[in-house]
Amino acid sequence: MNTRDYYCPDCANSLGLLPRKMPPSLFNSSYQIGKVEKHTTLTATSGWLSIFTSATPEAYHGYVLSAVLSGCVEVDQKGKQFIWFADTPPGITHKDGQYHASANAVRVVWPENDTKVHAYPVDLSTPPKRCTSCDRLLPQVAS
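Just so we're aligned, residue 19 is where the sequence shown starts under our numbering, counting upward by one.
Honestly, the hints are just simulated from the structure, not real lab data. Watch out, some of these pointers could steer you wrong.
Claimed, not checked - The calculated lysine-lysine pairs, modelled on BS3-like cross-linking and capped at a C-alpha distance of 30 Å, are:
1) Lys-39 <-> Lys-56
2) Lys-96 <-> Lys-39
3) Lys-134 <-> Lys-39
4) Lys-134 <-> Lys-113
5) Lys-113 <-> Lys-56
6) Lys-39 <-> Lys-98
7) Lys-96 <-> Lys-134
8) Lys-113 <-> Lys-96
With the hints as constraints, model all of the structure from the sequences given.
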């Protein structure tokens, strides 16, 4: 069974779910560089792909920091992810090379791995979730 728990920023902080530190760079490995390239240029013609509308390193770094510092935390059997509900669409999603929808959130995966941490825009389409700890309503989070 795939269960997920969600935590608001306050509860994530009090429960020690926030990363102890951010890596000095988000471009520490060929894996990360590949993920940045994947999510800043439209290259895939099959399957799902999400692309940031701003491809600058500063914007990308800002998306990661916003998610980690002010987003909610999702915890499942694979570990932690951070989700930040953006004020303006950070990107778009494509399916099989065709526009699908605007992305309105950023998901950060591998937050505590200096050579794998990366982000991508997501389209939120699930009902709002509640914080597992305090029951506060969270912005919509992607599943």
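Within 30 Å, alpha carbon to alpha carbon, are Lys-113 and Lys-56? Distance ~14 Å between Lys-113 and Lys-56 Cα, so the pair holds.
Regarding the pair Lys-39 and Lys-56, is the alpha-carbon distance no greater than 30 Å? Between Lys-39 and Lys-56 the Cα gap is close to 25 Å, so the pair holds against 30 Å.
Need the status of pair Lys-113, Lys-96: alpha-carbon distance at most 30 Å? holds, 25 Å
Given the hint that Lys-96 pairs with Lys-134, does the C-alpha gap stay at or below 30 Å? holds, 14 Å
30 Å Cα cutoff - pair Lys-39, Lys-98: holds, 14 Å
Does Lys-113 sit within 30 Å of Lys-134, going by the straight-line distance between their CA atoms? Roughly 24 Å separates the two Cα atoms, so the pair holds.
Can the restraint linking Lys-96 and Lys-39 be considered satisfied, given a maximum Cα separation of 30 Å? holds, 20 Å
Checking one constraint from the list: CA of Lys-134 to CA of Lys-39, max 30 Å. Satisfied? Distance of about 14 Å is within 30 Å: holds.
When each numbered hint is compared with the structure, no violation occurs for any of them.
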